Amino acid sequence: MRISSGELFDKIKTAFQKNMSEYVKYQDMLSTGRKINNPSDDPVGISKVIDYRVNIQNIEQYKNNINEVKEFLNFSENALGAAVDNLIRAKELAITAADDTITPEQRQYLAKEVAQIKDQILNIANSKFKDNYVFSGFKTDTAPFDTTNFNYLGDSGKIYVFLDKNIQISQNLPGNEIFGTGLGSVFKTLYDLQSGMENNDKALINNSLGMIDSDMNRILQARADFGSKLNNVESMNSRQEETVFGLKELLSKVEDADITETIAELSKAQLALQALRQSSVPVIQQSLLDFLK
Amino acid sequence: MSLGVLFDIGKTALFTSQKALTIAGNNIANVNTPNYTKQDVILEPSMPIYVRGDALGRGVNYLGVRRVYDRFIQAQMFKQSQNYGRSDVLSTLFGHLEQIFNEAQEAPLSSAISDFSAAWQEVSTNPASIPSRTLLLGKAQNVVSSAKNMESRILTEMNNGKKEIEDIVTRINDLLEKIRQLNENIIQSEAGKSVSQANELRDMRDSALKELSGLVTISIFEDNQGAVNVTIGGMSVVRSAIADKLSLSTDQYGEMHIYKGNIEITNRIITGKLGGLLDGLTTIKEETLSQLRKMIGAITNEINKFHRQGYGLDGSTGNNFFTSLSLSSRDNSLNADITSLSISDYNQLKPTEYTISFDNSNNYYVTDKFTNNIVTSGNFVSGNPIVFDGLNLTITGTVTSLDSFKISTIEDSISHLDLAITGPKDVAAAVDSNALPGDNRNAISISKVFSEPLSSLNMTYSDYYRNIVTSIGTLASNANDANNFDLNLLREIENSREGVSGVSLDEEAVNIIRYQRGFEAAAKMITVADELLQTLLRM
Numbered sequence: 021m022r023i024s025s026g027e028l029f030d031k032i033k034t035a036f037q038k039n040m041s042e043y044v045k046y047q048d049m050l051s052t053g054r055k056i057n058n059p060s061d062d063p064v065g066i067s068k069v070i071d072y073r074v075n076i077q078n079i080e081q082y083k084n085n086i087n088e089v090k091e092f093l094n095f096s097e098n099a100l101g102a103a104v105d106n107l108i109r110a111k112e113l114a115i116t117a118a119d120d121t122i123t124p125e126q127r128q129y130l131a132k133e134v135a136q137i138k139d140q141i142l143n144i145a146n147s148k149f150k151d152n153y154v155f156s157g158f159k160t161d162t163a164p165f166d167t168t169n170f171n172y173l174g175d176s177g178k179i180y181v182f183l184d185k186n187i188q189i190s191q192n193l194p195g196n197e198i199f200g201t202g203l204g205s206v207f208k209t210l211y212d213l214q215s216g217m218e219n220n221d222k223a224l225i226n227n228s229l230g231m232i233d234s235d236m237n238r239i240l241q242a243r244a245d246f247g248s249k250l251n252n253v254e255s256m257n258s259r260q261e262e263t264v265f266g267l268k269e270l271l272s273k274v275e276d277a278d279i280t281e282t283i284a285e286l287s288k289a290q291l292a293l294q295a296l297r298q299s300s301v302p303v304i305q306q307s308l309l310d311f312l313k
Numbered sequence: 161m162s163l164g165v166l167f168d169i170g171k172t173a174l175f176t177s178q179k180a181l182t183i184a185g186n187n188i189a190n191v192n193t194p195n196y197t198k199q200d201v202i203l204e205p206s207m208p209i210y211v212r213g214d215a216l217g218r219g220v221n222y223l224g225v226r227r228v229y230d231r232f233i234q235a236q237m238f239k240q241s242q243n244y245g246r247s248d249v250l251s252t253l254f255g256h257l258e259q260i261f262n263e264a265q266e267a268p269l270s271s272a273i274s275d276f277s278a279a280w281q282e283v284s285t286n287p288a289s290i291p292s293r294t295l296l297l298g299k300a301q302n303v304v305s306s307a308k309n310m311e312s313r314i315l316t317e318m319n320n321g322k323k324e325i326e327d328i329v330t331r332i333n334d335l336l337e338k339i340r341q342l343n344e345n346i347i348q349s350e351a352g353k354s355v356s357q358a359n360e361l362r363d364m365r366d367s368a369l370k371e372l373s374g375l376v377t378i379s380i381f382e383d384n385q386g387a388v389n390v391t392i393g394g395m396s397v398v399r400s401a402i403a404d405k406l407s408l409s410t411d412q413y414g415e416m417h418i419y420k421g422n423i424e425i426t427n428r429i430i431t432g433k434l435g436g437l438l439d440g441l442t443t444i445k446e447e448t449l450s451q452l453r454k455m456i457g458a459i460t461n462e463i464n465k466f467h468r469q470g471y472g473l474d475g476s477t478g479n480n481f482f483t484s485l486s487l488s489s490r491d492n493s494l495n496a497d498i499t500s501l502s503i504s505d506y507n508q509l510k511p512t513e514y515t516i517s518f519d520n521s522n523n524y525y526v527t528d529k530f531t532n533n534i535v536t537s538g539n540f541v542s543g544n545p546i547v548f549d550g551l552n553l554t555i556t557g558t559v560t561s562l563d564s565f566k567i568s569t570i571e572d573s574i575s576h577l578d579l580a581i582t583g584p585k586d587v588a589a590a591v592d593s594n595a596l597p598g599d600n601r602n603a604i605s606i607s608k609v610f611s612e613p614l615s616s617l618n619m620t621y622s623d624y625y626r627n628i629v630t631s632i633g634t635l636a637s638n639a640n641d642a643n644n645f646d647l648n649l650l651r652e653i654e655n656s657r658e659g660v661s662g663v664s665l666d667e668e669a670v671n672i673i674r675y676q677r678g679f680e681a682a683a684k685m686i687t688v689a690d691e692l693l694q695t696l697l698r699m
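First to last, the protein sequences are chains Z and A. Numbers 21 to 313, taken from this note's numbering, label the letters of the first sequence in order. Numbers 161 to 699, taken from this note's numbering, label the letters of the second sequence in order.
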């Protein structure tokens with residue numbers, strides 16, 4: 021085959037460009053740490069990359085949601101825990117007051133503590149978390165219980181929050197499901213107990229004592245509900261963390277360059293480039309004209 | 161036989177060697193000239209004289225200079241230059257396009273939308289929180305600007321392509337004129353000569369033809385006078401010493417049309433840079449851009465639908481979150497016009513493009529471009545409203561089966577996009593008309609727009625977006641592969657051409673020695689003949 025002089029130079033030039041671009045490709049991979057640097061590097065891979073990234077971003081938001089719900093549930097559970105403690109004390113006071121050996125003056129004295137307990141539970145029921153009333157359903161800007169006739173002023177709204185794409189949980193319970201409302205509320209029970217003690221009305225005290233148990237049951241049930249939700253949310257949190265971890269691993273497998281392999285390929289490309297440089301020198305330099313002097 | 165013959169033979173040999181040396185020198189001088197074709201002397205023994213029945217040679221005849229040339233390889237090169245021109249421009253174009261969607265480096269649009277969806281969840285967890293709502297508006301604004309930025313980068317890329325098309329058409333016309341001129345010169349200088357050719361002129365013409373091949377789909381025929389006839393897309397543009405011009409026009413919708421005379425040849429140009437650009441720009445416009453607009457249209461339309469039903473903290477309702485989709489239309493008919501076009505029901509509005517076509521029996525068909533489904537059809541009556549998917553449309557005039565109209569709800573889905581909502585309190589997170597601060601049910605419904613399949617896309621927005629990026633990646637990677645293949649093939653052919661027509665310095669060095677020796681020997685012969693003559697004279 022006849023080789024022209026121009027062809028000889030062109031061929032070496034082409035070989036240089038090819039080796040150079042190979043070298044630069046691996047250099048790029050090393051500098052970014054990624055094997056996919058453009059969508060065209062791996063069109064199927066880039067699709068996975070976007071999918072994993074969107075999923076990770078979504079789950080990070082679910083984890084944010086979970087943290088907020090956790091705080092809210094913790095707050096609610098602690099509030100109800102305090103309410104139960106108070107109610108237990110009220111029950112003790114009621115039992116003491118029901119005793120025949122207690123004088124009316126002592127009952128009057130006990131009544132003051134019951135009044136305090138009533139106010140405290142009322143405070144708990146009307147408590148705010150991050151400036152929103154916790155137990156008033158959707159009416160988070162309205163105190164759920166009116167302090168004179170104990171009517172529930174909230175609504176039955178349950179605020180649902182996403183823990184995952186298809187999993188929602190209601191973070192709140194409407195106050196009437198926990199504390200009752202109006203004449204059927206724990207506040208009315210305590211109010212009755214208080215006035216029984218003040219007016220030395222043993223029948224009323226005994227009646228209230230019975231009511232305290234059913235009021236307490238309702239609160240305990242609500243507290244258990246928050247507790248089980250908390251468990252739920254915690255396990256959801258660790259599940260989401262595992263998922264993110266798995267996704268990040270998958271993402272890395274698709275888009276990250278294998279450093280050892282890349283360095284090996286880079287050295288290979290470097291070697292080829294060197295060999296080409298060395299071998300092409302005599303080819304370019306030699307000419308028949310050198311021998312015709 | 162006289163001694164004079166010896167002088168004659170010596171003379172022809174001397175002259176021939178000298179000419180051959182000149183040619184070798186010229187070859188060496190052009191060793192680095194692109195598209196130069198190596199030249200060679202054409203020699204022939206002189207007619208012998210017959211002396212008593214014996215034919216005695218009378219030296220050498222110099223017939224001329226020829227180009228060492230392979231017509232077949234040259235034709236292959238013109239053909240392959242066309243393919244290479246196309247794949248080269250496509251790989252550049254799609255290479256730029258994929259940078260706009262380079263989710264490997266940064267994730268401009270997809271992360272803006274993810275953030276926006278996360279912000280909706282923040283609002284659903286804290287429906288009464290003004291900071292959460294303000295954040296949501298910020299994230300929404302970010303989606304708007306990311307989408308606009310992406311669209312404008314695509315449009316800029318397309319505009320650059322259009323400018324390049326203008327330049328290419330100008331260059332094609334220059335080249336056609338140049339080829340015509342060279343044709344004329346070649347005909348003149350070769351007229352009446354049987355062997356010798358206008359070598360340099362032909363090299364120049366081949367150069368022009370090669371450049372033209374890289375630009376546009378052409379066929380080349382050489383006639384018996386030595387002129388080439390060139391056709392572009394089957395239309396003759398150079399006939400011997402006559403050349404035509406291509407013309408370019410841009411219609412009201414920004415589409416480019418290429419004409420030869422009054423015949424449109426846009427669709428016949430497939431290869432060369434021009435063919436690649438025309439094709440690539442259509443792909444970007446009809447696929448990438450259209451899909452991106454559809455996706456943004458689908459998200460904003462769906463959010464608006466829910467948002468109009470919900471209630472803001474201040475009790476506001478019936479409001480769009482983003483600006484609503486708007487309509488645009490195209491008229492491809494002679495005697496009919498769209499006389500009215502409006503949205504009759506925003507809740508039925510779909511983010512898509514429709515084609516309205518007609519058959520010979522005066523029936524109309526409305527087809528969804530993305531699904532290819534017929535949305536509605538019926539008998540066409542001029543001036544009667546056609547109602548479908550929340551649109552109300554009137555076409556007036558007479559139509560034929562060649563006519564069509566296009567209606568799009570997404571052409572401006574990005575360019576007209578903005579927030580319609582004015583303040584954080586207007587974010588309609590609630591379903592209840594009392595606008596309770598803890599009511600987050602509508603925010604939850606809107607959150608689902610991002611995680612659940614959208615009916616207008618048939619999949620989730622993120623799957624749709626992934627498909628867009630993947631198809632751009634595939635376009636770019638295929639274009640690169642094709643470009644590498646075409647380049648290698650072109651190099652292969654160029655090497656074959658070099659193998660035949662290229663100058664080899666070693667070869668020319670040998671030639672120089674060879675003709676130098678020939679010259680020396682011829683001179684020696686004249687000396688010998690002279691000595692012989694003197695010997696005779698001294699007798």
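Hint data in this document are derived by calculation from the structure and do not stem from the laboratory. Just so you know, these numbers come straight off a predicted model, no measurement behind them. One should not assume that every hint holds.
Said to hold, decoys possible - Straight-line distance between alpha carbons at most 25 Å, and here's what the computed PhoX-like set of lysine-lysine pairs gives:
#1 Lys608/A x Lys83/Z
#2 Lys299/A x Lys33/Z
#3 Lys299/A x Lys185/Z
#4 Lys608/A x Lys90/Z
#5 Lys608/A x Lys268/Z
#6 Lys83/Z x Lys148/Z
#7 Lys178/Z x Lys608/A
#8 Lys178/Z x Lys585/A
#9 Lys585/A x Lys148/Z
#10 Lys465/A x Lys150/Z
#11 Lys31/Z x Lys239/A
#12 Lys445/A x Lys322/A
#13 Lys185/Z x Lys608/A
#14 Lys529/A x Lys445/A
#15 Lys185/Z x Lys111/Z
#16 Lys299/A x Lys608/A
#17 Lys83/Z x Lys299/A
#18 Lys268/Z x Lys249/Z
#19 Lys322/A x Lys299/A
#20 Lys33/Z x Lys353/A
#21 Lys465/A x Lys684/A
#22 Lys239/A x Lys185/Z
#23 Lys370/A x Lys465/A
#24 Lys249/Z x Lys353/A
#25 Lys299/A x Lys465/A
#26 Lys178/Z x Lys90/Z
#27 Lys150/Z x Lys585/A
#28 Lys31/Z x Lys370/A
#29 Lys68/Z x Lys370/A
#30 Lys268/Z x Lys83/Z
#31 Lys178/Z x Lys465/A
Status of each hint after checking the structure:
1. Lys608/A x Lys83/Z: holds (17 Å)
2. Lys299/A x Lys33/Z: violated (51 Å)
3. Lys299/A x Lys185/Z: holds (20 Å)
4. Lys608/A x Lys90/Z: holds (22 Å)
5. Lys608/A x Lys268/Z: The hint holds at about 24 Å.
6. Lys83/Z x Lys148/Z: holds (23 Å)
7. Lys178/Z x Lys608/A: holds (18 Å)
8. Lys178/Z x Lys585/A: holds (21 Å)
9. Lys585/A x Lys148/Z: Distance ~21 Å between lysine 585/A and lysine 148/Z Cα, so the pair holds.
10. Lys465/A x Lys150/Z: Given that 25 Å is the threshold and the Cα spacing comes to 31 Å, the pair is violated.
11. Lys31/Z x Lys239/A: holds (22 Å)
12. Lys445/A x Lys322/A: The hint holds at about 12 Å.
13. Lys185/Z x Lys608/A: Given pair lysine 185/Z, lysine 608/A holds - Cα atoms ~8 Å apart, limit 25 Å.
14. Lys529/A x Lys445/A: holds (13 Å)
15. Lys185/Z x Lys111/Z: violated (45 Å)
16. Lys299/A x Lys608/A: holds (17 Å)
17. Lys83/Z x Lys299/A: holds (19 Å)
18. Lys268/Z x Lys249/Z: violated (28 Å)
19. Lys322/A x Lys299/A: Judged against 25 Å, a Cα distance of about 34 Å means the pair is violated.
20. Lys33/Z x Lys353/A: violated (41 Å)
21. Lys465/A x Lys684/A: At roughly 104 Å apart (the allowed maximum being 25 Å), lysine 684/A and lysine 465/A break the hint.
22. Lys239/A x Lys185/Z: Between lysine 239/A and lysine 185/Z the Cα gap is close to 56 Å, so the pair fails against 25 Å, i.e. violated.
23. Lys370/A x Lys465/A: Distance of about 58 Å is beyond 25 Å: violated.
24. Lys249/Z x Lys353/A: violated (102 Å)
25. Lys299/A x Lys465/A: holds (19 Å)
26. Lys178/Z x Lys90/Z: holds (16 Å)
27. Lys150/Z x Lys585/A: Holds: lysine 150/Z and lysine 585/A sit about 18 Å apart, inside 25 Å.
28. Lys31/Z x Lys370/A: holds (20 Å)
29. Lys68/Z x Lys370/A: Violated, because 43 Å separates the two Cα atoms, which is more than 25 Å.
30. Lys268/Z x Lys83/Z: Roughly 15 Å separates the two Cα atoms, so the pair holds.
31. Lys178/Z x Lys465/A: Measuring from Cα to Cα gives roughly 24 Å; hence the hint holds.
Hints 2, 10, 15, 18, 19, 20, 21, 22, 23, 24 and 29 from the list above are not met by this structure, while the remaining hints are.
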